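Protein chains in written order, with numbering that gives the first Met the number 0: chain A, 0 to 352; chain B, 0 to 577.
Hints are computed from structural coordinates only; laboratory data are not their basis. Treat the hints loosely; a few may be bogus.
[Said to hold, decoys possible] Straight-line alpha carbon distances no greater than 20 angstroms define the calculated SDA-like cross-link-like pairs of lysine to any residue that follow:
1) A:Lys139 x B:Leu529
2) B:Lys191 x B:Leu158
3) A:Lys323 x B:Asp363
4) A:Lys323 x B:Gly371
5) B:Lys366 x A:Gln312
6) A:Lys190 x A:Pro136
7) A:Lys323 x B:Leu365
8) B:Lys531 x A:Val261
9) B:Lys191 x B:Tyr144
10) B:Lys531 x A:Lys190
11) A:Lys139 x B:Trp160
12) A:Lys323 x B:Leu529
13) B:Lys531 x A:Arg138
14) B:Lys531 x A:Arg131
15) B:Lys380 x B:Met263
16) B:Lys366 x A:Lys190
[Stated by the list, open to error] Listed next, the stretches of chain A that the computed footprint assigns to chain B, with coverage defined by at least 3 CB atoms under 8 angstroms from CB atoms of chain B:
17) 139-147
18) 173-182
Note that this is a predicted model, so its numbers are computed, not measured. The C-beta atom is built at its ideal place from N, Cα and C for all residues, glycine as well.
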Amino acid sequence: MRQRLQDLDWIGLYLWVLRAAIIILVVWGTIATIIDNPYSPRQWIDLIIFGIAQGSMYALIAIGYTLVYGVLFMINFAHGEFFMSGIMTATVFVATPLAATGFMNRQPLLSLLLIAVVAMVVSMSIAVLTERAAYRPLRKAPRLVPLITAIGASFFWQYYFRGLFGSQVIPFPVPDVMKGTASILGVEILKTQLTVIVVTIIMLIGLNLFIMRTRTGKSIRAVAEDKDTAALMGIDVDRAITITFATGASMAGIAGLLYALVFTQVHFFMGFFPGLKAFTAAVLGGIGSIPGAAVGGLFLGLIESVGPSLFLQGLGIPAPHQLKDVIAFVMLVLVLIFRPQGILGERLTEKKA
Amino acid sequence: MSETNNFDYRIPLQNGLIAGVVALSVSVIGMVTLLAQRYLIAGWLTLGQVILFMAPAAMSYLAAGKAPQNNRGIALIYGFLTGLISALPLVALILLNEVIDLRQFLPNVSPALIEILTFGRGTVAGSLFLIIVTSVLGLVAAGLYLLPDRIRRPIFSGLIWTFFFGMFSEILSDRLRTFFGTDFAKLIIESKALRPVVAVTIFIVTASLSVLWSRRGDKVKGRMAKMDTKSQNRMRYGLIIFGITLMLILPLLLGTYLSEVMNMILIFALMGFGLNIVVGFAGLLDLGYVAFFAIGAYTMGVLTSTGDLGVAGMSFWLAIPICVAVSMLGGLLLGMPVLRMRGDYLAIVTLGFGEIIRILVLSDLLKPYIGGAQGLLKINKPVIVGIPLIKPDQFYYVALAGCLIAAFISYRLSQARLGRQWMAIREDEDVAEAMGIRLVNTKLLAFAIGAAFAGLAGAIFASKLTSIFPHSFNLLISINVLCMIIVGGMGSLPGVILGALALVGLPELLREFAEFRLLMYGIVLIVMMLAKPEGLWPSAIRKRELHVHDNEDYEDYPEAMAPRAETRDPGLEGPSHL
């Protein structure tokens, strides 16, 4: 103990003060909110379920960041655009015509499957195209170079799709059966939110099986571990990387559909902030780790949804929900100060981080 | 199979399809239709046509390059076929549009677009005509490839310069009107486009200049190199004096609009110098740099505003040091928790800080102090000896002064002990620490000085606009500044200015195409990184690092021999490769 006190320099002191201040604020705010009790239990449950649904989407998008980071050590800034491109295209070319002909309400499951497939395929194609044209030639470049390319690709796709489908918000037709609420264990849940949660669980299980149990998954893991050795073992590294991108993008495509179901609209700019949040979620959970992405997404979604009401309401801050992103990013900073490797991340060697 | 002397159908097919998809893309996203309203050469050539046919021409040129050596016939056929195939996606679009109305899906497939694509000749005849045009274009491009270098080069530079003058004809016309009168301007430019005669003249003049330069350029360079140190120095000082004079009289030459653009460039260059210290010198990837810009701007706003929210009513000059100090403090406070992180974690945390500042500024929490979404109004303009600097061509000098100070400090720092410590940290943190550099302090200084520059830029920005709103401080600014220093060349001071000119100046000048500004921006970033990752004006060290694997560079820089390859910075470098 004494040794630790002696080691403490002024920056360490500052960090401790910072941590203490934030914890005191959070505890104080929570107690004040609980005493004040501004919400009914029903509202709290709604907030939590919305948080879980939002977090599920973040988790699905975060998978793409984490997979690519795991393999290439690169922040794929354009991933949010993969998420947007699939559902935009599917909405314009599939969902809207299906809804106009009434097919969507007659065969809701089939329609949604069709939309999902189109969204996934478009997202995947965009991702593979981007990888092939913009990232692959830069594999050996210094780290900042692919990052800039990714930023460029992000701008490019955003404004490409804006040109393609226009800058207006496009409504997404939700089939009638998905409207309203369902009752589970005595709790009323919006059907769309229930769908989001269920689909996310299925996708995550499927992804885990794919990565852990198949030969292709094994090759991806091998490439993530060590590209050169993997190549020596006869693994086609380029192919594994392409599949990594495609897998991440297909998850993003599904997330896009879920997003459209919950928010009932799509827009060319819709990928930007979810992408940013999902990357935050991936770092929170421990970047490079798939369960980490899931946990990080869920954590972020919950904190964003519940945090403002729980921590800030009691402090008498006006319109606390405006500050949900502040809470999310403060959480990120806190987690990284306490646990630099993220919640579930393995401690990366200095070279990798 | 590799080096056959035979015709290979895959080359024109591949090139043609790529060109076709690009041409189709620029059509369906609406670029062609929008740009077709803008003539480059009056009555002859629109910008839309240039955009539409650029890809077919370029891909035909490349296809000709892939033909077997010394086989001109195959090269020409490759060019022709590439052009032909590149028209097919467009023809498919035209025909498909006859069957179903594509406009319900793609709002930009309008009758106007079809009119442009078919040259107003109806579906069948128009499609055929389109195919003929691209085929001939492909043939011409292939022919151009086959020309000897000394003829081809002047043609290219002539084309590029003519295009350049055509693009900026509006500004050109404005300047001509100021200096030579309206009549002369009308003689050169007719409704925003070059007159055909003028275009041909520009082409001939620039092409001949290019010929002249290629013949005499080497001699001039040789004479320069032969001069002794004294006269070289004299020449350098002469150039510097010339540059300073030019900078001082620039607003007189540029006029109001261009001065305004220049002010934006200078403010961004100022930020660029700051971020260059953080990212370029010290190698700390900061994606939330806009936070300090915002802090500077809002400090200036609160201190000098004469509106309801102003607290002090200070003058600009009194507030400036306070703004810089506050931003510096912000840099220290935000820097301390994060500087022990490395690489991408640092990037995402700083990005978070940038967002936090923006959201706080926008929120109701701080609204009573800084105005929330309604912004902070009535910020003071600087006053020099009783003259308020209101017009852009007056304000220019304030921005220039800030920029020059930042450039001077950056230059001195880069030569100083501190600058070399930063670069040591950039190269390898562990080795730097072992050499006795105090990592955290040194990094904090980089953060704080970078933040100070951003704060200065923010203060100048606030004063320039006299009212500031939260949406001016979004993530895009951080990304813009980062791209600027990378496009210019990391760690290179002239690069910052070049980057600002290219990524702030050009988009400002091409405002009529604002809809596609960020699309072009994205393409420029990608192409730049693929073709010239070290930037437009790289610093010598960085250039050496990026080309450490190229053999010819070992000869250029004997001191940069192989062992250096292994000691590159882990923070900036990807995983190791063979």
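For this structure, which hints from the list above don't hold up? Violated: hints 6, 8, 9, 10, 11, 12, 16 and 18.
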